[in-house]
Structures are given as structure tokens and as C-alpha cells.
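Novice: End of the sequence shown = 342 in my numbering, gap-free, step of one.
Do not rely on the hints blindly, as some may be mistaken.
[What the hints assert, rightly or not] Calculated lysine to any residue pairs in the SDA-like style (CA-CA distance at most 20 Å, straight line):
1) K258 <-> K278
2) K45 <-> H84
3) K234 <-> G206
4) K87 <-> K177
5) K18 <-> K113
6) K113 <-> K278
7) K281 <-> H114
8) K177 <-> V107
9) K66 <-> Y29
10) K129 <-> G303
Bear in mind the hints are in silico, worked out from the structure with no lab data behind them.
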Amino acid sequence: KFLYFFDISDIAREVERKYYVAGKEHLRYPVDSMLKFCIVKQFRKLSFEKVVASLTQEDAWLLGFKQDAKTGFYMVPSASTLHHFIKYRLKEEGITEVMLLVGKEMVQSATSKHAKTDSTPLEASRYDKYADYNPHYGCKMYKAHITLVGSSPIYMNFTRGNAGDSPELLEHIQVLKSVGAKIDEYLLDSGYDSYVNHADIWYHLGATPKIYNRENAIINNEGTVERIDHWVNKKWKEGGNIHMPLMDKLRFLYEHGKAEQVGAYFRNQNLLDDNFGKSYKERSECERINDYIKDTVKFNVKGIPNDSKELYSKLSFVTYQMMILNNIQNGIEPVNSFARYF
1 KFLYFFDISD IAREVERKYY VAGKEHLRYP VDSMLKFCIV KQFRKLSFEK VVASLTQEDA
61 WLLGFKQDAK TGFYMVPSAS TLHHFIKYRL KEEGITEVML LVGKEMVQSA TSKHAKTDST
121 PLEASRYDKY ADYNPHYGCK MYKAHITLVG SSPIYMNFTR GNAGDSPELL EHIQVLKSVG
181 AKIDEYLLDS GYDSYVNHAD IWYHLGATPK IYNRENAIIN NEGTVERIDH WVNKKWKEGG
241 NIHMPLMDKL RFLYEHGKAE QVGAYFRNQN LLDDNFGKSY KERSECERIN DYIKDTVKFN
301 VKGIPNDSKE LYSKLSFVTY QMMILNNIQN GIEPVNSFAR YF
């Protein structure tokens, strides 16, 4: 019933514009109603057939489906129609588009200035011949790499179970930039500890990278102000000037092939920061949110065909996103409380 108050008209219009042919396709079912029906399916954790069978006429009205003028009944899509909408109308591209649109709305309402990215296992069947066995988790699995701003889930991508976390980070940085995230710090565990990651966060987002250092981390001489001045001066023909402010020097070096040196500077700052641990505590929220997602929707790939695993993993994530956005729109606290959906 709470979905009746959920306004996703802007998102629905964008989906209709991109994934329907204007003037050539009759919309039997409103796009916003279909998106809300997807939420019902994923939240109830039912098959297409069972979720359609479970829908009452009151449910159909609350979801915004149209009433048949002759019979007076609300027209509910069949299981095959809902499946077609997800699998063939939206596809992975459309689900990702909805994810970004919802993420953008949440970023605009976010009060937190902290971003966090972490991966979480998507457990697969022990008989899944396509899945990687991950010895750390002791199961066959895939990975969901999830970015939060505060406690709001903004973006997710899907990889194999043994994929590294660090190579996925730039994609998440670019998404945060594209949705207009205004953050002060980006908190990451040691799996993301690289000079380039430090530099990319600062350059693209204007945020301070707070990446937990590996145990053997030491101050890198190339990240000292003296070495930064040395390289800026060495590139004087390209516009380098040692009298520029430090941040301008770092930007100049990043744009002239010295990203690792820029990253070394920020990594050194973390090693020297006595308050690093206090800032880093904010990152502990990642695991809690990942657990909330798994408790709320089906967030594993057991029993899902190989060519649909990424699609339905993203659909579950988008479902959780939209439920959070609904709570934000309606002033519900805490935003990850879903008792009203039962």
C-alpha cells in the first residue's frame, strides 16, 4: 500500500522515452506501475506466476494499473508480460539506467559527505559451472560492488567471484561524478590501496581519499612536496610552475602523466594523519547495508540462468534503492525500515 505514495513519474518518463518507440507502441500498462510491480516481485521473493497470482484488485489499484471500462476490473499484466518488461524491454541497460536515475535523486537529498565502496558475495549454487569458487568466502559466488553515499545505495556493478575490487573503482568514481555527488571523503578498505585510486578520487570528485593502508605501508619519497616541485619544474615546457599552489601542482601532474605521484602524496597524508582511524570508522556501515539488502530482497544468484544473473542481481539492488527513495520521499525514519510494505 505504501507504494501508492511513491512518485517515480520522472523516472518512468525517462524509461518510456528510451525503451519504447514513440507513436508506435501502445502502453497497455503504465511504466511507473510496472516498475512498482517489479518492487513487489523482488520484495515478496516470488516467481513471476506467483506474484501475479498474489496481486489483489486493491493491490492493482494502489500500484496505479488502469481500470477496464467494461468490466470495472483493474488490468494486471500476466507473468509473461512482466517477465518481458524486465528481460527484453529494459534488459541490463535499462535496469542500470533506472539505478542511475534513482541514485541521482538520492544523492540530491543526501546529507552525508562520505562515499564508500565495497564488494559483497552473491552466492551461487555449488553446482554452478560458471561461478568462481572463492576460498575466502568458502563458496561459489559472484560479486556485487556497491557504492553508498552515507547509507544511501547509489550504484552497483556485477563481476565474477574472484574479480579484484580495485579495478572496479574508477567506474564507481565516474558514476558518482555523473550523478553530481558532493562528497568530502571517500572511504575504502585496503583492497583498493593503490596510488592511482588515491589520485582518481581526488581529481574526479574533489574528495579526500581515505583508503586503509596495507600493513607494510611506508612514506613514499615521490609523494613529498620536494619531489612534487621537482617534477613540476621538470615539466616547465608543458606549463609547470613551482610557484603554483600545491593543489594546482597536483592537478598539473595528474593531467601530465604523473597520477601515481599525486596518489603517493595523498597516501602519505593518510599515513601521517593521527585522526585517520576516526574518519575511517564511517566505513563500517558498508557491511550493515549489504546485510540489509540481502535481508530485504533476493540477493543471490541461485537458480538463475547464467545469462540473467547480472540482470536480476541489479534488479534486486534497484528494488532496494527504490524502497529507500520511497521512504525518503515520505519522510520515513529510519530510511531502511520497511515494515509498512508488509
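Novice: For each hint, tell me whether it holds in the structure or not.
Specialist: Structure-based check of each hint:
Proximity of K258 to K278 is assessed by CA-CA distance (about 30 Å); at most 20 Å being required, the pair is judged violated. This hinted pair checks out: K45 and H84 have alpha carbons roughly 18 Å apart, not beyond 20 Å. A distance of roughly 26 Å separates the Cα atoms of K234 and G206; the hinted pair therefore is violated under the 20 Å criterion. Proposed proximity of K87 and K177 is contradicted: the alpha carbons are some 29 Å apart, above 20 Å.
With a C-alpha separation of about 32 Å, the suggested pairing of K18 with K113 is violated against the 20 Å cut-off. For the hint linking K113 to K278, the alpha-carbon distance of about 15 Å falls within 20 Å, and the restraint holds. Taking the CA atoms of K281 and H114, the gap is near 11 Å; set against the 20 Å cutoff, the hint holds. The hinted pair formed by K177 and V107 meets the criterion: a straight-line CA distance of about 11 Å does not exceed 20 Å.
Using a Cα cut-off of 20 Å, the hinted pair K66 and Y29 holds, with the two alpha carbons roughly 7 Å apart. This hinted pair checks out: K129 and G303 have alpha carbons roughly 12 Å apart, not beyond 20 Å.
Violated hints, in rising order: 1, 3, 4, 5; the structure is consistent with all others.
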